[in-house]
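Number of protein chains: 2
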Amino acid sequence: MPTVEQARAWYPDYDPVHGFDHILRVLRMAERLAQAEGGDLEIVRAAVLLHDASGAETGGEKRSEHQYHSAEFAKKILEAEGWPPERIAAVQHCIRAHRFRGDEAPQTLEAKILFDADKLDVIGAFGVARTIAYDVVMGWPFYAEASDRFRLTGVKVEDETHSSYHEFLFKLGKIKDRLHTQTARQLAEGRQKFLNAYFEQLDAEARGEI
Amino acid sequence: MPTVEQARAWYPDYDPVHGFDHILRVLRMAERLAQAEGGDLEIVRAAVLLHDASGAETGGEKRSEHQYHSAEFAKKILEAEGWPPERIAAVQHCIRAHRFRGDEAPQTLEAKILFDADKLDVIGAFGVARTIAYDVVMGWPFYAEASDRFRLTGVKVEDETHSSYHEFLFKLGKIKDRLHTQTARQLAEGRQKFLNAYFEQLDAEARGEI
Numbered sequence: 027m028p029t030v031e032q033a034r035a036w037y038p039d040y041d042p043v044h045g046f047d048h049i050l051r052v053l054r055m056a057e058r059l060a061q062a063e064g065g066d067l068e069i070v071r072a073a074v075l076l077h078d079a080s081g082a083e084t085g086g087e088k089r090s091e092h093q094y095h096s097a098e099f100a101k102k103i104l105e106a107e108g109w110p111p112e113r114i115a116a117v118q119h120c121i122r123a124h125r126f127r128g129d130e131a132p133q134t135l136e137a138k139i140l141f142d143a144d145k146l147d148v149i150g151a152f153g154v155a156r157t158i159a160y161d162v163v164m165g166w167p168f169y170a171e172a173s174d175r176f177r178l179t180g181v182k183v184e185d186e187t188h189s190s191y192h193e194f195l196f197k198l199g200k201i202k203d204r205l206h207t208q209t210a211r212q213l214a215e216g217r218q219k220f221l222n223a224y225f226e227q228l229d230a231e232a233r234g235e236i
Numbered sequence: 027m028p029t030v031e032q033a034r035a036w037y038p039d040y041d042p043v044h045g046f047d048h049i050l051r052v053l054r055m056a057e058r059l060a061q062a063e064g065g066d067l068e069i070v071r072a073a074v075l076l077h078d079a080s081g082a083e084t085g086g087e088k089r090s091e092h093q094y095h096s097a098e099f100a101k102k103i104l105e106a107e108g109w110p111p112e113r114i115a116a117v118q119h120c121i122r123a124h125r126f127r128g129d130e131a132p133q134t135l136e137a138k139i140l141f142d143a144d145k146l147d148v149i150g151a152f153g154v155a156r157t158i159a160y161d162v163v164m165g166w167p168f169y170a171e172a173s174d175r176f177r178l179t180g181v182k183v184e185d186e187t188h189s190s191y192h193e194f195l196f197k198l199g200k201i202k203d204r205l206h207t208q209t210a211r212q213l214a215e216g217r218q219k220f221l222n223a224y225f226e227q228l229d230a231e232a233r234g235e236i
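Quick mapping for you: the protein sequence lines, in order, are chains A and B. Note that this note's numbering has the first sequence beginning at 27, numbered continuously upward. Note that this note's numbering has the second sequence beginning at 27, numbered continuously upward.
Keep in mind that the hints were calculated from the coordinates and are not lab data. By construction, the Cβ of each residue, glycine as well, lies at the ideal position given by its N, Cα and C atoms. A hint or two may mislead.
[Claimed, not checked] Computed beta-carbon distance windows for the label pairs:
| id | chain 1 | residue 1 | chain 2 | residue 2 | range |
| --- | --- | --- | --- | --- | --- |
| 1 | B | Gln61 | A | Val163 | 32 to 42 Å |
| 2 | A | Glu184 | B | Glu215 | 37 to 47 Å |
| 3 | B | Arg54 | A | Glu226 | 29 to 39 Å |
| 4 | B | Ala115 | A | Ser90 | 27 to 37 Å |
| 5 | A | Thr29 | B | Glu184 | 19 to 29 Å |
| 6 | B | Ser90 | A | Glu68 | 44 to 54 Å |
| 7 | A | Gly199 | B | Glu107 | 40 to 50 Å |
| 8 | B | Arg175 | A | Glu91 | 44 to 54 Å |
| 9 | A | Asp174 | B | Glu235 | 52 to 62 Å |
| 10 | B | Ser90 | A | Pro110 | 27 to 37 Å |
| 11 | B | Leu67 | A | Arg34 | 52 to 62 Å |
| 12 | A | Gly199 | B | Ile236 | 17 to 27 Å |
| 13 | A | Asp203 | B | Glu68 | 32 to 42 Å |
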C-alpha cells in the first residue's frame, strides 16, 4: 500500500487546484464515505493517492487525459509493490472513472467513492477557492456576463468571455445530482447550496444590485 | 479629467486582484457613495482611476508604498491636463490615504469615499475571490490552522503557515468597522456577513466538521 508520505512526492510543490492538499481532503472524505457505504478500503486509498498523480497539473497540456496517465502510473507503482493484477485493475478503474467530463463511468463501489469524494471538493468553500484559483492560473476573470445561449445550451456566443461564473453555470451548480452514493449526496446538500449562493452573490455584486 | 479609456492603459493586462476590473467596480461604488454623501465628483473619479496606477501590482516589490507612487503619478497626469494645484493636492490626498495599512488617514469626504469604495471590494463575493487570488499569486495555501497567539495578537508562532484564513482573521473580518461613511457602512453589512460566513465554512470544511 503506498503511504501518504510516498504519495506527496508524486505531486507538485505548489498547485492550488490539484495539489497535495486536495489529495489529503479527498482521502479523508473517501475514508468517511467508505466507513458509511462499505467498499475495499485499501483499493479506495490507493486510488485516491494516485488519481491525479500524472498529468493533472492545473493548466497543463495533458490535463484532459490525466485519468489515463494516472492509471498507467498507478499500475507501475502497484506492480512494484507486488499487488495482484485484479486489484491493480480495480484501482485503475477507479482512477479512469473519476472525471466529471470522462468517458468511463464508475462501475464499482470503490470507483463511486473516489468520484464522489473528489467532487465534494469542487463544491463548498474549498470548491469556490479552487474554482477561483483555476481562473487565476488560466488568466480568466472571476466574472463575465453569460449570454442566454450559454445559460440554455452551454455554448457561448461569439466574443463571450469565459469566467468562473461560466464554470458555475455549466458544471458546478449541478454537481450534487451527479453523485453516486447516498452518503455523499447528503453531505453535498449544504456544500452545493453554499457554492450556488456564492455565485449568486458574485453575480449580484457584479451587476451592482447589492 | 482622465477618461476610463485613458486609465485602462495605466493598469496591467491581467492582475486578478488589482487589475482594471477592480478599478471599474470601485469607480461605480464611489459614484454611488458620492451620490448619497456628496463630495466633488471630479476629484473622486480622478482619485479612483489613479489610486492603484503605479506600483500596485499584486506580488510586486513596491506594493507597500504604492499609495505614494500612485500619488506622484497622479500629479504628473493632472498637471499635464492643466488642473489647478489645490485640486491636484486634493486628489493626491485621497490616493495617499486609501490604504488599510497606511500612515495617512482620510481627512476629506472625497478621501473617505475612495477608502470606503476600495474596501467594499475586499469583502463580499469579490472580496473572497480577490483574497483567494492573492494567495495563488503569492503561493500560499487557502487555509492553514491559526494558532491561539495569532488569533489574539496577529503574531504567528514559529513555523506557522500564512494563508487566506490568516488574512481573514487579521484584517478582512473587521473591515466594516473601519469604514467612514454611513452609506458604505450600510452597504458593508451584507458583504461583511457574507465574507465571514465564507471563512467559517472554509474552517469547518478544513476541520472535517461538515
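Tested hints:
Roughly 38 Å separates the CB atoms of Gln61 (chain B) and Val163 (chain A), a value that falls within the hinted 32 to 42 Å. Between Glu184 (chain A) and Glu215 (chain B) the CB atoms are about 40 Å apart, so this pair conforms to the stated range of 37 to 47 Å. The hint said 29 to 39 Å for the Cβ distance between Arg54 (chain B) and Glu226 (chain A), and at roughly 19 Å that hint is violated. At about 56 Å, the beta-carbon gap between Ala115 (chain B) and Ser90 (chain A) misses the expected band of 27 to 37 Å.
A hinted range of 19 to 29 Å for the beta carbons of Thr29 (chain A) and Glu184 (chain B) is consistent with their spacing of about 27 Å. Between Ser90 (chain B) and Glu68 (chain A) the beta carbon distance is about 51 Å. The supplied range of 44 to 54 Å therefore holds. Between Gly199 (chain A) and Glu107 (chain B) the beta carbon distance is about 47 Å. The supplied range of 40 to 50 Å therefore holds. Under the hint 44 to 54 Å, the C-beta atoms of Arg175 (chain B) and Glu91 (chain A), about 47 Å apart, fit the expected range.
For Asp174 (chain A) and Glu235 (chain B), the Cβ-Cβ distance of about 40 Å falls outside the hinted range of 52 to 62 Å, so the restraint is violated. Distance hint for Ser90 (chain B) and Pro110 (chain A): a CB-CB separation of about 59 Å, inconsistent with the stated range 27 to 37 Å. Range check, Leu67 (chain B) to Arg34 (chain A): about 56 Å between beta-carbon atoms, so the 52 to 62 Å window is met. Distance hint for Gly199 (chain A) and Ile236 (chain B): a CB-CB separation of about 19 Å, consistent with the stated range 17 to 27 Å.
About 52 Å separates the C-beta atoms of Asp203 (chain A) and Glu68 (chain B), a value inconsistent with the hinted range of 32 to 42 Å.
Hints 3, 4, 9, 10 and 13 from the earlier list are contradicted by this structure; the remaining hints agree with it.
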